[in-house]
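**Student:** Residues per chain are reported as follows:
Protein chains: 2
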Amino acid sequence: MAKQVILASRPEGEPDQNNFKIEEKSLGALQDGEIHVKGKYFSVDPYMRGRMNDTKSYVPPYEVGKPIRGGVVTEVLQSKDDQFKAGDMIMGDLPWATEAIIKAKGLRKVEGGQIPLHYYLSVLGMTGLTAYFGLMDIGQPKKGETVVVSGAAGAVGLVVGQIAKIQGCHVVGIAGSDEKIASLKKDFGYDEGINYKTNQDMKAAVAKACPDGVDVYFDNVGGEISDAVIMNLNFHARIALCGQISLYNAEKTPVGPRIQPMLLTRSVLMKGFIVSNYQDRFPEGLQQLSTWVKEGKLKFTETIIKGFDRLPEAFLGLFSGKNQGKMIVEV
Amino acid sequence: MAKQVILASRPEGEPDQNNFKIEEKSLGALQDGEIHVKGKYFSVDPYMRGRMNDTKSYVPPYEVGKPIRGGVVTEVLQSKDDQFKAGDMIMGDLPWATEAIIKAKGLRKVEGGQIPLHYYLSVLGMTGLTAYFGLMDIGQPKKGETVVVSGAAGAVGLVVGQIAKIQGCHVVGIAGSDEKIASLKKDFGYDEGINYKTNQDMKAAVAKACPDGVDVYFDNVGGEISDAVIMNLNFHARIALCGQISLYNAEKTPVGPRIQPMLLTRSVLMKGFIVSNYQDRFPEGLQQLSTWVKEGKLKFTETIIKGFDRLPEAFLGLFSGKNQGKMIVEV
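Top line first, the protein sequences correspond to chains A and B.
Just so you know, we're using this note's numbering here: the first sequence kicks off at 81 and counts up by one.
Just so you know, we're using this note's numbering here: the second sequence kicks off at 81 and counts up by one.
Keep in mind that the hints were calculated from the coordinates and are not lab data.
The reader is advised that the hints may include incorrect statements.
Since the list can't tell identical chains apart, any single copy or any two copies may satisfy a pair.
[As the list claims (entries may be wrong)] Restricting the straight-line Cα-Cα distance to at most 20 Å, the calculated cross-link-like pairs of lysine to any residue (SDA-like) are: (1) Lys277 x Glu104; (2) Lys277 x Leu398; (3) Lys332 x Arg390; (4) Lys332 x Met311; (5) Lys146 x Glu92; (6) Lys245 x Asp217.
Just so we're clear, the structure is a prediction, and the values are computed from it rather than from any experiment.
Given these sequences and hints, build the entire structure.
**Tutor:** Take a look at the structure:
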């Protein structure tokens, strides 16, 4: 019998444990083209909140009564497919299940050895690619420019800051605790950090940390933090919209100052994106990221929670900032 | 003695006649490198409202007690500069004055003949260039896509709609009267029109006029009209922010629904611009616009008000939609 985490009900506002249920499921017989896998590392991501709603978005919603899905590194136990054999490690968009029988098509084999396997869920996976393409393609940072990152201590934020530093920028991170800020500066190359929980006047705090104004804003959070950054933008600034976690649990349409006048008078570009827009360029991105990892220029950190049953808890922890870097559940 | 319109005081909220004063001024002696000119056609534009405030923007503010400036076509009466001679027609950013002595440097001679002189203030001037670069460079319309234009019956809007039509798009204009809508469809190639003053549910009205959703939004007005369009955007839509006239007279920061979540989930690009960003490409734009005018593909209309003293009245009329197409004052 395998265990799986299913969506028990759709949340209204902030999700809680009642929206999830752990169920047992018996696996059927293995068919041709299928593999029997055992989950090892599970990726837990803010964007999953959106899939819990029954609304049109860039990924289809989860179905009530069906398992949650996401990035998973699994080990092959049995294979009826030519590509894979028992013992192979595989990465894919897979259900939250201790074991599963899945179609082999579209899955990617990953190599362990020098690189920890869970890196394929983070810096060498969607997290790293999201940081790379959002910053490089939309942000287009130039040497000497100022880059501000919100949600800087989150998985994507850690990578964005380091890439911006590699580009020769003045890099400022916004996060929610003094410990996180200290780590951003000590471990991840950030020049300045702003604690949004202790700064009453965020507009002034951004202005102080960015004496030459803001050229690139990599936005993971939205809301009032973004308002403060936007008021400090330079002419021809670029905003990469990567996440809006401060608004994901809103039950009504969030309201705030209209930003178009500011974007207009300063000729600002703002662009929303999802990493799959860059699918054709993933090889380029992965190669660059691997190079930086091997050169020691790109470090990473995870919050690893152990135990399959703690997947819902790990996910819920994202909304209260329980993670530093990528949140991963290990089985 | 020359007459000039000066900024008497800075408006708070909607400007009125008291913010302007008409003064007489004696002209000094003509120096080398200067010309003595007589104003013929004066351009009256929404962006001038911004210059009446004492705030940092893309153009410096007008000074209280000094003349208002803008695009003017003038005739040379006397010249102490080699480039120009009496009788030449000249176009430039000049004071609102019946006559003036100005430096010749940076001014452009324009040819009359086939093309009416006031076209250099409109379709073959900043108006046409604004429409051309905003739509083509930011909007990047593709054949078969849907383009929505707010402020469609304004000077820029009339040109945008026709260029979008030349590109093979489904073109929808938003304007404030049934007469304007009728003219957009009859005279300027728009496929559909929406009267924002009589439609209670603008979101539904945009959805109806755009059955395949909105791919490009050329925004001249901002505010609630833009909210309605943004709710109908397609994946990978582009928004060119050209004006926000509905907000220019706001005394407090305008508030509205936060748009970033929508831009994020649909991978939308939004970009503010001013025409001078494209200065290097003006010759390309003017050549294309001239070609379309000569081929009869690009028509234009003006609201021409006669009399120098009516400049303030013409400007104020922009905010109540008194113009169709470009507002010009002829002396």
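**Student:** If a hint holds in the structure, say so; if it does not, say that too.
**Tutor:** Right, here's what the structure says about each hint:
| no. | hint | result |
| --- | --- | --- |
| 1 | Lys277 x Glu104 | neither (41 Å within a copy, 58 Å between copies) |
| 2 | Lys277 x Leu398 | within (16 Å within a copy, 45 Å between copies) |
| 3 | Lys332 x Arg390 | neither (30 Å within a copy, 48 Å between copies) |
| 4 | Lys332 x Met311 | between (25 Å within a copy, 15 Å between copies) |
| 5 | Lys146 x Glu92 | within (18 Å within a copy, 58 Å between copies) |
| 6 | Lys245 x Asp217 | within (16 Å within a copy, 30 Å between copies) |
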